[in-house]
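Peer 1: Now for the letters of each chain:
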Amino acid sequence: MMAKWSLRGIFGGSRPIDEQTWEQLEDALILGDLGAEASERLVAGLRAQAERLQVRDERDLRSMLRDALAEELSENDPTLHLRRPADAEGRALPAVVLVVGVNGVGKTTTIGKFARFLSRLGKRVMVGAADTFRAAAVEQLATWAERGGAEVVRPERAGQDPASVAYQAVAHGIEENADVVLIDTAGRLQTKAGLMDELSKIRRVVEKLAPVAEVLLVLDATTGRNGIAQAEAFLNHAGATGIVLTKLDGSAKGGFVLSAREEAGIPIKLIGVGEGIDDLHAFNAEAFARDLVG
Amino acid sequence: MLVGIGYPWSDIVEEEPMPAFSSLSERLTATFAHLRGKGRLTAADIDSTVREIRRALLDADVALEVVKAFTAAIRTRALGKEVSEALNPAQQVVKIVDEELVSVLGGSTRRLHLAKVPPTVILLAGLQGAGKTTLAGKLGRALAAEGHTPLLAACDLQRPDAVTQLRVIGEQAGVPVFAPEPGNGVGDPVRVARDAVVEAGAKQYDVVIVDTAGRLGVDAELMDQAKRIREAVQPDEVLFVIDAMTGQDAAATARAFRDGVGLTGVVLSKLDGDTRGGAALSVVSVTGAPILYASTGEGLDDFEVFHPDRMSRRILDMGDVLSLIEEAQRHFDEEQARAAAEKIAKDQFTLDDFLTQLQQIKGSGALQKMLQMMPGAGQMRQAISQIDDREIARTEAIIQSMTPAERQNAKLINGSRRLRIAKGSGTTVEKVNQLLKRFEDASKMMRKMSHGGMPQVPGMPAIGHGGRKSVRKAAKQKRGRSGNPAKRAAQEARLREQHSGPATGSSFGGSPDLDALKDLPGLGGLFRQD
Chain A
1 MMAKWSLRGI
11 FGGSRPIDEQ
21 TWEQLEDALI
31 LGDLGAEASE
41 RLVAGLRAQA
51 ERLQVRDERD
61 LRSMLRDALA
71 EELSENDPTL
81 HLRRPADAEG
91 RALPAVVLVV
101 GVNGVGKTTT
111 IGKFARFLSR
121 LGKRVMVGAA
131 DTFRAAAVEQ
141 LATWAERGGA
151 EVVRPERAGQ
161 DPASVAYQAV
171 AHGIEENADV
181 VLIDTAGRLQ
191 TKAGLMDELS
201 KIRRVVEKLA
211 PVAEVLLVLD
221 ATTGRNGIAQ
231 AEAFLNHAGA
241 TGIVLTKLDG
251 SAKGGFVLSA
261 REEAGIPIKL
271 IGVGEGIDDL
281 HAFNAEAFAR
291 DLVG
Chain B
1 MLVGIGYPWS
11 DIVEEEPMPA
21 FSSLSERLTA
31 TFAHLRGKGR
41 LTAADIDSTV
51 REIRRALLDA
61 DVALEVVKAF
71 TAAIRTRALG
81 KEVSEALNPA
91 QQVVKIVDEE
101 LVSVLGGSTR
111 RLHLAKVPPT
121 VILLAGLQGA
131 GKTTLAGKLG
141 RALAAEGHTP
151 LLAACDLQRP
161 DAVTQLRVIG
171 EQAGVPVFAP
181 EPGNGVGDPV
191 RVARDAVVEA
201 GAKQYDVVIV
211 DTAGRLGVDA
221 ELMDQAKRIR
231 EAVQPDEVLF
241 VIDAMTGQDA
251 AATARAFRDG
261 VGLTGVVLSK
271 LDGDTRGGAA
281 LSVVSVTGAP
291 ILYASTGEGL
301 DDFEVFHPDR
311 MSRRILDMGD
321 VLSLIEEAQR
331 HFDEEQARAA
341 AEKIAKDQFT
351 LDDFLTQLQQ
361 IKGSGALQKM
371 LQMMPGAGQM
381 RQAISQIDDR
391 EIARTEAIIQ
401 SMTPAERQNA
411 KLINGSRRLR
421 IAKGSGTTVE
431 KVNQLLKRFE
441 DASKMMRKMS
451 HGGMPQVPGM
461 PAIGHGGRKS
471 VRKAAKQKRG
481 RSGNPAKRAA
491 QEARLREQHS
501 GPATGSSFGG
511 SPDLDALKDL
521 PGLGGLFRQD
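Residue numbers (our numbering), protein chains in the order written: chain A, 1 to 294; chain B, 1 to 530.
Keep in mind the hints are simulated off the structure, nothing from the lab.
We put the beta carbon where it would ideally sit given N, CA and C, even for glycine.
Do not take every clue at face value.
[Unchecked claim] Sample of chain B residues with no beta-carbon within 12 angstroms of chain A, all distances over it, derived:
{"no.": "1", "residue": "S103"}
{"no.": "2", "residue": "T133"}
{"no.": "3", "residue": "R159"}
{"no.": "4", "residue": "G187"}
{"no.": "5", "residue": "V190"}
{"no.": "6", "residue": "D206"}
{"no.": "7", "residue": "G262"}
{"no.": "8", "residue": "S269"}
{"no.": "9", "residue": "R276"}
{"no.": "10", "residue": "L355"}
{"no.": "11", "residue": "I413"}
{"no.": "12", "residue": "G426"}
{"no.": "13", "residue": "E430"}
[To be verified] For the chain B half of the interface with chain A, some residues (derived, Cβ under 10 angstroms), not all of them:
{"no.": "14", "residue": "A162"}
{"no.": "15", "residue": "V168"}
{"no.": "16", "residue": "A244"}
{"no.": "17", "residue": "G247"}
{"no.": "18", "residue": "D274"}
Sequences are here, hints too, so could you generate the full structure?
Peer 2: And the structure:
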């Protein structure tokens, strides 16, 4: 099937390495959304190395490429920092996690899965429905939170200022001694300055109560080069600390996160692989490279 | 009409670093730079040109297979006489690329096919998060505005609270929603779709818009379900909704939907971001289905008919001049504009008139939207988006702090009046000075033009310069468009002679559709930079 096309196909037989091999290799990387520039650079590097080591077998090329990709990701630290901070009196505060991203990437779904993941670890999770813009976003989040075993803090009225909902969620989390408070935010395109400022405000307001432990930027694996612009904008306006790459269960490989990670310096932490409540995993560089290369 | 008074946007532009080659024309210019004086292109020159085009298209997220076919076609044409004999080969190549892009995207805009016997059934399909539910509301609202009686059918019974979302959107759009099942995994979408069509027949709804669950192309089970919905309702249109930001996967996914559900048309969503939108080209090439609509914002009215020629320029980062003009027209009162133009001609344009115009665009977000469509704005969209109504509000405050006499005759405003105005508006004397200076300059320019002076030829930035300067130069050229309709028509007639292109409106390097410009009240002033 075309959709599942990867390097696996081209390494099938034991053809000698020729010009076509290199072209196909580059094509496969481009198809994985690594970007033309990065793909050309990777293949050129691989080619130099292969000549130096006199590689004759395509299978060796495959493992070399996997290694090269894993190498690119070697500095990626997927650790989630959810240690509970303490206030001035030494009282434990919840670890606050903001979830941000453009429209339709799967923020709400990710929160449901993440809540489930955390509650299975025995954590007490609170979810703040600060997406007060999109129709029925609060209901959707509540359904997911219920599945994930978390309590929801809803806005008091429709269209309430998202920062105030976030504040209430964290305040409630402190009261209830929650371990983690997850804040859902409305999707926003990174070019909308006013909406990006709103994120900075949410962060500012929340930090009056407790420091923000993580700002998870949700990126859709089907995205192309625009994902890099998204990472940079959400880094600048919301201080994103980790990437969640969703929809990896489809035909898209999400290779743009390599550039996004490199250029914005945000580590990739989690991946979403389906609509089931347990379809959220920690990011694994080797598995990711294997999926890209085959 | 906003006459001749600009805002200090140049500051923002200058601070924003511009990558060396932001658009294809700049890339090609660089590629051709060493060819000056050689007169003729060699095969190697063509190769490097084609490589640049390939890179530009890939950077715009056009699918690789499409890029390959496309560059092959370009190579063939570039080897021909039209390029080798052109005075400016780079410009000629860009023109060819534009023409080819427009021809792939479909030469003209296609309208929705309506059933001869109502109800017309429109099925929406696509990946999760593409924007189907929102689109259902927008499409319903647009059809209702055209006098149709649409019904939205809630067949996404998968995603949590998708049914609720559609209900809310239907309410906002003023379009009824057929939602017999609660969703969240409960109910059979095939039956709901079929019942919706029956309902429409019984209650005289003439269009049924079927919202379906998002599904991956690789999900055989859900693709089969989509096919069963299709067979059950026999839709007149199957619209594939795709996120304009989609990367290489656009080709694979479009193919999966074409084979799985069958498509008659495409809708591009989230086109209001800064993506170049190469996915548009991929989807059309792969499926052969035309793009009918573009979705350009979160509001229910942020929805427009798709224009292939404009998309081509966007993919090439050449700006979207026509959409710009439409956007401008939407926000300017024609009557007032004409009155203002007359006043300029008679040299009676006052700060009061200017204030009226400011108030027209204030609050509409129009300014930002228009600026985002400016040619060459690709790299500065981020900066542009920071210009907002606040800047207008400040100018408004300054003018409102003037006495009626001062507004009628700006020459009255001496030093102490300036200080008073600055205090009254909460700004500084410097800001007041800036505004007055711009107003004075603009008035001078307007006078000159209405008395026969000819400013620079307006239009898209000229090809043949790169880097940061081009943006400023482009903006300066914009200023040259006359505020006087008669004068402007003359300018444009001249321009038409200079850039006579094919009738499809692909006169590259010139304003694409000059008739549309004719009615545009003094857009030039809006883009003035000093």
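Peer 1: Would you mind marking each hint as holding or not holding in the structure?
Peer 2: Consistency of the hints with the structure:
1. Annotated as non-interface, B/S103 keeps its C-beta farther than 12 angstroms from every C-beta of chain A; the closest such distance is 23 angstroms.
2. Distance check for B/T133 against chain A: the nearest CB is about 8 angstroms away, which does not clear 12 angstroms, and the non-interface claim fails.
3. Residue placement check: B/R159 does not keep its beta carbon more than 12 angstroms from all beta carbons of chain A (closest about 7 angstroms).
4. Residue-level check passed: B/G187 sits 15 angstroms from the nearest beta carbon of chain A, beyond 12 angstroms.
5. No beta-carbon of chain A is positioned within 12 angstroms of the beta-carbon of B/V190; the least distance is around 19 angstroms.
6. Separation of B/D206 from chain A is adequate, the least Cβ-Cβ distance of about 25 angstroms exceeding the 12 angstroms criterion.
7. Consistency note on B/G262: stated as away from chain A, and its beta-carbon is indeed over 12 angstroms from all of that chain's, at 17 angstroms minimum.
8. Not every CB of chain A is more than 12 angstroms from the CB of B/S269 (nearest about 8 angstroms), against its label as outside the interface.
9. The claim that B/R276 lies off the interface is violated: its Cβ sits roughly 8 angstroms from the closest Cβ of chain A, which falls inside the 12 angstroms cut-off.
10. Non-interface call for B/L355 relative to chain A: holds, since the shortest CB-CB distance, roughly 24 angstroms, exceeds 12 angstroms.
11. At roughly 33 angstroms, the least C-beta separation between B/I413 and chain A is larger than 12 angstroms, which holds for a residue marked as non-interface.
12. Its beta-carbon lying about 21 angstroms from the closest one in chain A, B/G426 satisfies the requirement of being farther than 12 angstroms from that chain.
13. A cut-off of 12 angstroms between C-beta atoms confirms that B/E430 is not in contact with chain A; the least separation is 24 angstroms.
14. With 10 angstroms as the threshold, the beta carbon of B/A162 comes within range of chain A, its nearest partner Cβ sitting at about 8 angstroms, so the hint holds.
15. Taking 10 angstroms as the C-beta contact cut-off toward chain A, the hint placing B/V168 at the interface holds, the least distance being around 4 angstroms.
16. Given hint, B/A244 at the interface with chain A, holds; its Cβ is 9 angstroms from that chain's nearest Cβ, closer than 10 angstroms.
17. The closest approach between the C-beta of B/G247 and any C-beta of chain A is roughly 3 angstroms, which is under the 10 angstroms cut-off, so the hint is satisfied.
18. Nearest Cβ of chain A to the Cβ of B/D274: about 5 angstroms, under the 10 angstroms cut. The hint holds.
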